[in-house]
Each structure stands twice: as C-alpha cells, then as structure tokens.
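**Student:** Place chain B on chain A using the hints.
Given next are the chains, with one letter for each unit.
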Amino acid sequence: MNAQLLEKFFAQFRNKKVMGFFGALVAFIIILYLIAWADMKPSLLVETGLIAMTPLALAAVGECINEKAGTINIGLEGILGITCVIGVWGAELFGSGVMGLLVGFIAGAFIGFIFAIISVYGRADQMVAGMGINLLALGLVAYLLMSIWGFPGIYVFSNKLVVSPIHTPWGSLHPVTIIAIAAAILAQIFLYKTLFGLRIRAAGEKPEAVDVAGVSVARIRIIASTFGAALCGLGGAFLALGWFGAIVKEISAGRGFIALACVVFAGAEPLVALGAAFIFGFTDGLASWIAITPGVKNVIPVYFINMIPYIATIVIVTVAIGRRGFPRAAGKPYLRE
Amino acid sequence: MLRRLSTISRPLVDPGIAVILGLAIGALLMLIFGYDPIAGYYWLFRGGFGSIKDIVETLAFATPLMLTAVTFAVGMKAGLFNIGAEGQVYIGAAGAAAIGGWVTLPVGIHIAAATAFGMFFGVLWALPAAILKLWRGVHEVISTIMLNYVARYLAIYLVVYWLAGPRAEVSNPAMGSARYPLLVGGTSLTAAIFVAVAFCIVVYAFLWRTRAGYELRLSGTNPEAANYAGVSVRRAMLISFIVGGLAAGLAGATQVLGRPPTWALFADLGNVIELGFYGIAVALMGRNHPIGGIFAAIFFGGLLHGGRYMEYQVGIASELVTGIQGIIVICLAVPGLWAIIRRRRFK
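Chain order of the listed sequences is A and B.
Read in order, the letters of the first sequence are residues 1 to 337 in the numbering used here.
Read in order, the letters of the second sequence are residues 1 to 347 in the numbering used here.
None of the hints are false.
Covered stretches of chain A (chain B as the covering partner; in silico rule of three or more C-beta atoms under 8 Å from a C-beta of chain B): (1) 126-138; (2) 300-308; (3) 311-320.
Derived lysine-lysine pairs resembling DSSO-like cross-links, with alpha carbons at most 30 Å apart: (4) B:K133 <-> A:K206; (5) B:K133 <-> A:K332; (6) A:K332 <-> A:K193; (7) A:K206 <-> A:K193.
Just so you know, these hints were derived from the structure itself, not from any lab.
Cβ coordinates follow ideal geometry from the N, Cα and C atoms, glycine included.
With the rest of the complex left out, here is chain A (with noise of 0.2 Å):
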C-alpha cells in the first residue's frame, strides 16, 4: 500500500511539466537564498517581482480567454501603450487614479471590441491586425502625449494621481496584484466549471458544435476579445499609475509580447499564466534590482542587463515549449458551411 503510494509519488516527477516546476521552484529557492545570503533583502525582491507581474498577468489571463475563445490578438503590447496613456488622461480628467485605471480598463475593452469585430465580421488575418495595433501605438503614443500634454517622449503627472500600494507587516501589495491573480483564479472558474466557459472554450475547439447547439460563434468571439482586451487595458493603465509614475514613449517596453510568451507556455489556460508572469515579472525585477545594486555598474555594462528579462524569456519558452493543447481553432475566422 505505502509502497504503491511512494511510487505513485515519483511517478509524477517523471512526468516533464511537473519536474520542470520543481525545477523552476528550486531555482526560484535557491536565488533568493543567495540574495538573502548576500545581505540584500529578497523580500524587495519579490514584492518588486509582484508589481512587473502584474501587468503581465493581467493581460496575459486576458489574452488566455481571447485564445480560448478562438482569437488570437498579437496586439497586447499596443493596448498596453495606448491605454495607458488613455488612462492617465482619464485620472487627470476626474482627478482620480482609481477613476484611470477603469478608463484604461474601458479602453482596452473598446480597442478588443474593434479588434474582435474586424476578425469577425471582416474575417481578418488575426496576426496581421494585431500588428497593426502595435504599429498604431508605436505612433499613437508619441502623438497622443505631444497632442495632450505637449511632451514629447516622457510625461510625469501628479504624485496625487499615483495608485500605491497598500503596506501590510510582510511587505506592501499593491491591489492591482490581487486584481490580477484573481482575475487568474476567476477567469480559470470560469473557463472550466460555467455554462458560458463551455461554450467559451468550444468556440475555440469545435466552433461547429457551438453554431449547431444554436449559438453564436461570433458573439462569444466579440466578447471574450473584449473582455480579454480590457484586462490587458487595466494593465496598461497600472503601468502608469500604479508603477512608473509617469509616461514615457515606450512604456510597454516589449511586456505585451512577454505577455504572450505567458500564454504561449501556459497553452492558453490562465492559472499557469499567472505562475509563468510571476517567473518573468522576477527577471524583470531582477534586472531593474540588480541595476540599481551599487558596483555592479562597474563590472557590467548596464545594457546587458536590460537584455536580461528578453533573453529569459526567450529561454524560458525554449526550454518549456512542448506540444501543449491550444484551442484548435483559434486564430481561424469561423466560416459557416
């Protein structure tokens, strides 16, 4: 009996998903150790990991549900652009950082409505319109800042306006986290155990059965992008006025394609997003921790390790790529027969 446990036990280990977690987790153990080991607080550490997540886990959950559902929108990094800039427009508007993090939030909802309807309606090449939100954004941007407030390039609002973080005796969580990991545990809920989760990921798998079953392929599409969308434009919103303080032209600094290395090793199923945001959401607070750290300027050129977060990432996917289960139909128009 106990025999048979203990083997069931190892069996899991074998199994590649599950080694590869421990061996992210003993990673993660042994590198705060080391930290801690050299007198450097690991708990800033994490708590700085937690705020880069964030953004990250917002609009990769988004995106999870928008794939589920059988868009695919390569535009994240985009919306997180504009709807940031749209969101401090809207704090300073109603004078109320809270108050922009919804208006980001309705942005990115508008901008995955438009998006859904194009790849909808309009059969759209999904990959191409996504990469016309981040064009449009690489400009939008820069115009919408010159155009509003005059600056060019970086824009610092009112301290007032700034979101913060809410201070407890472990450290300080800002709420947009709790947000974003409940989004991931909601949205995972969601997907698996409602009526319109089914049908959610079935228009993502057999659209077919969801036209037969008498409904609409279409409407679930529109409102999973924009659902998915509008989390990834509170992201954006956070960027400003929950972390940064401030506007510059290229806020989003590669995080939207991060996002979508995120549901990329998820296989589009949101609670592992989350896990693999926070992985990468660390290496960035790594980076931005370990430029700060005084000498190392000396040794190492800054830009190696503002490379750092782009490279892990790029390693992470490499190393955990495998044939995951994505929706069989995502990014395919669904045509009637």
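**Tutor:** Structure of chain B alone, referenced to chain A:
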C-alpha cells in the same frame, strides 16, 4: 495562412481603401486635438511629394523601407510572421559601421566589404530565431521580438564601447571609401537606392524564377502539399529567415554607408529605429511582393519625409504618420475590404 497569401484580383483597390481609411482616422485624430486636418495633410503630401527635391528625399527615406519590407514579405511567403527586421537592422548597421568606420581598405573593396558585413550581421541575428523555430518550434513572433530588444541594447553597447568615434554619441563615421556616392547634391539620396532596388529584384527573381523560391512559396501556401511533394518546409523556412536577415542587414548598412550627413550609427540608434516595423506596413501595402514593396516604400517614405514638414508647419507631431500606418495595416488585414463595403451598399 492560405487566406493571407491568396492573391486578390485587383491588387490596388484594397491598399487604396486602406490608405483612405487610415488618412480619415488620422484626420479624426487631428480634429480631436484641435488641429486642422486639411492643412496637416496639405503639408504632409506637399512635403513628401511637392517638389523634385522632396521626391528625391522621399526616395532616400524609401531605401531602407523596401528592404525591411522584403524581410517581412519573404517571411510571409514561407508562412512565417517574421517581425525581426527591426533588430536585424540594428545589428546590420553596427556591422557596417564597424567595417566602414574602423577598417581601412582599398576604394571599391571597402564599400562592398562594409555592405557585405552588414548583411552578414543581419543574417547572424536572424539565425537564432530560425534555429529556435526549427529546433524547438518557438513561435517566431516571440523570438524575433525578444531578439529585437536584445539587439537594441547590444547595438547601443557596441556603439558606446567599441565603435564610438571622436563624438561619443555617434559611431566613427564611415570613411570616404566606404560611402555610397551622393546622387543629387543637397539631398540625402545616394547610390544605396540602386543596391536596394537591385536586391528587391533579385529576391523577386529568386522567389518566382528559381526552384528553391517556388518551394519556399509552396511551403508557405500549403505546407502539407509541400511535404507530399517532397519539399522540405524546414529548409524553406531557414532560407526565408536568411534572405530576411540579408535584406534587413542591408537596410541597416544603407543607413550608415549611404545616408548623409552623419554616415554613422547614433548611439541611441535614432537613425535606424522603427525602420523594421515600418517595413511590415510597407510589405503588406505591397501585397508581400518585393516589387510591390518598392512602390509602397516610396509612398511610406513620402509620408515619413512629409511628416517632418507637417510637424514644422502645423505643429502636428510627426509620429501620427506611424499611427496612420498602423491603421492602414489593420485595414489591410481584412481581405476583400472593397468587396465588403460594396456589398453593404447595394444590400
């Protein structure tokens, strides 16, 4: 993928509609912020195409764009969404700046060596994405974008630590023997445009006149049929990445060796930044055809050049032009745009 590559009977109608829609939304964006769209567009197009001198300048802007467009177009032809031109341009420019600015070679050989080195560096930066795609199946969107960011910091590092000349913020300018001759005095158009156009024509000939090119297109349109016919899809992808790297590296080289007045790479990469992303819009406008890309590049080059006039004369930030490009790309993503509009009207 099939839909993306499907030829459309009238190749000019859809891009035309997309441009009109893009300009209309651009006008809306101008109106919202209190600018005069008519004045804005007047200066945009007058600046870009208003006089012979401006058209010549527009051609100078178009030179790198037609090359980065080839990178994206060849990727699409092989069924890849290769958006790595951006990073390959940086690295290619750094490679060209290294040979052009720091190595002394005889006249004639120098310019060829610097250009070839830039192209070689472009390929070097395309290969990791190709290897990851073929070896592990890492999607090229993620790998190429991440490599773009890595390339940016690497190129800045190279300029600051290794290539910087007497002026710290700029790499050592290309020597006289490594510069493309100026075609029209007082503008920045050099003979680099001939190299660029020739490269586009060579790529066209390769894609439509050779066996390997046919196999590349076949494996892009129908990988299963290609497999069945004994064509190696993996080899086609590798070739596509390499040709893309050559094109992007050449684009970077033209900006260093063929673009007065600096003849160098800025430490903030200011003279090569975003060229790779514009290439995506140019390629889609040109229907993923190297020759179509030349004409689309001239159009977008005009917008980029005219955008500076628009900013100077009316005060509209020239970045709006990039935004308009984005909207044009979104519109181009919809197949048969004109057909959809016509159907709605006669309903």
